[in-house]
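Asker: As a plain string of letters, each chain reads:
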Amino acid sequence: EVQLVQSGAEVKKPGESLKISCKASGYTFSNYWIGWVRQMPGKGLEWMGIIYPGDSDSDIRYSPSFRGRVTISADKSISTAYLQWSSLKGSDTAMYYCARKVGVNAIVDYWGQGTLVTVSS
Amino acid sequence: EIVLTQSPDTLSLSPGEKATLSCRASESFTSTYLAWYQQKPGQAPRLLLYATSSRASGIPDRFSGSGSGTDFTLTISRLEPEDFAVYYCQQYGRSPNYTFGQGTKLEIK
Numbered sequence: 001e002v003q004l005v006q007s008g009a010e011v012k013k014p015g016e017s018l019k020i021s022c023k024a025s026g027y028t029f030s031n032y033w034i035g036w037v038r039q040m041p042g043k044g045l046e047w048m049g050i051i052y053p054g055d056s057d058s059d060i061r062y063s064p065s066f067r068g069r070v071t072i073s074a075d076k077s078i079s080t081a082y083l084q085w086s087s088l089k090g091s092d093t094a095m096y097y098c099a100r101k102v103g104v105n106a107i108v109d110y111w112g113q114g115t116l117v118t119v120s121s
Numbered sequence: 122e123i124v125l126t127q128s129p130d131t132l133s134l135s136p137g138e139k140a141t142l143s144c145r146a147s148e149s150f151t152s153t154y155l156a157w158y159q160q161k162p163g164q165a166p167r168l169l170l171y172a173t174s175s176r177a178s179g180i181p182d183r184f185s186g187s188g189s190g191t192d193f194t195l196t197i198s199r200l201e202p203e204d205f206a207v208y209y210c211q212q213y214g215r216s217p218n219y220t221f222g223q224g225t226k227l228e229i230k
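Protein chains in written order, with our numbering: chain W, 1 to 121; chain X, 122 to 230.
The shape of chain W in the complex, shown without the other chains (with noise of 0.2 Å):
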């Protein structure tokens, strides 16, 4: 059964650092690409960018509005993906998703369950 589970729920202060992680089992985690969506309260789905792990070198790519704000990459060894920040900001407050590709343009066809990222001082 594929799954993708979620790191928990984190509130952070502006300024810090954080990465959250998605933890895949059920499939060959190499060949499928994972992305990230961002929902802020209240709001529509948001494509961050996504991350084919491949066996060799990984194939990275953002959408325009999050290239340079977060920083996405996968651990192949665990079987696992993150998605990190290096200084959060209050509207960085938003339920992330993780979500399984099975090309870089085919379906999602398998989600996480959501990490809620609070920013508040």
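Treat the hints as calculated values from the structure; they're not laboratory data.
Listed next, the stretches of chain W that the computed footprint assigns to chain X, with coverage defined by at least 3 CB atoms under 8 Å from CB atoms of chain X: (1) 38 to 50; (2) 54 to 64; (3) 103 to 110.
In silico DSS-like cross-links for lysine-lysine, where the CA-CA straight-line distance does not exceed 27 Å: (4) W:Lys43 with X:Lys139; (5) X:Lys161 with W:Lys23; (6) W:Lys76 with W:Lys101; (7) W:Lys101 with X:Lys161; (8) X:Lys230 with W:Lys43.
One-sided excerpt, in silico: chain W residues whose CB lies under 8 Å from chain X: (9) Tyr97; (10) Gln113; (11) Gly114.
What you are looking at is a predicted structure, and each value in this text was computed from that prediction instead of being measured. Glycine included, every Cβ here is placed at the ideal spot set by N, Cα and C.
Place chain X on chain W using the hints.
Answerer: For chain X alone, kept in the frame of chain W given last:
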């Protein structure tokens, strides 16, 4: 960037009625890359339709999709109580900027 605009923002209907949700794109793209998702409070989105009109696994046949070019439609033939939720369209053909529409909230009248 392809901007997707959904209408209406909110749709108020009763169970048993037919729902028609619209998704209009700022530029034409292949219908192969248009999906619809349903999201209920506190839950991750759920894929309903992909490639404009193909139902995802387990999706009942009261959900259907149509359209091409810049205009796409999600139709729910007879609303069930569990269908009241927020619906999003998404284009997934322009990596990595897979844009979503702003959503249509389907509420009980």
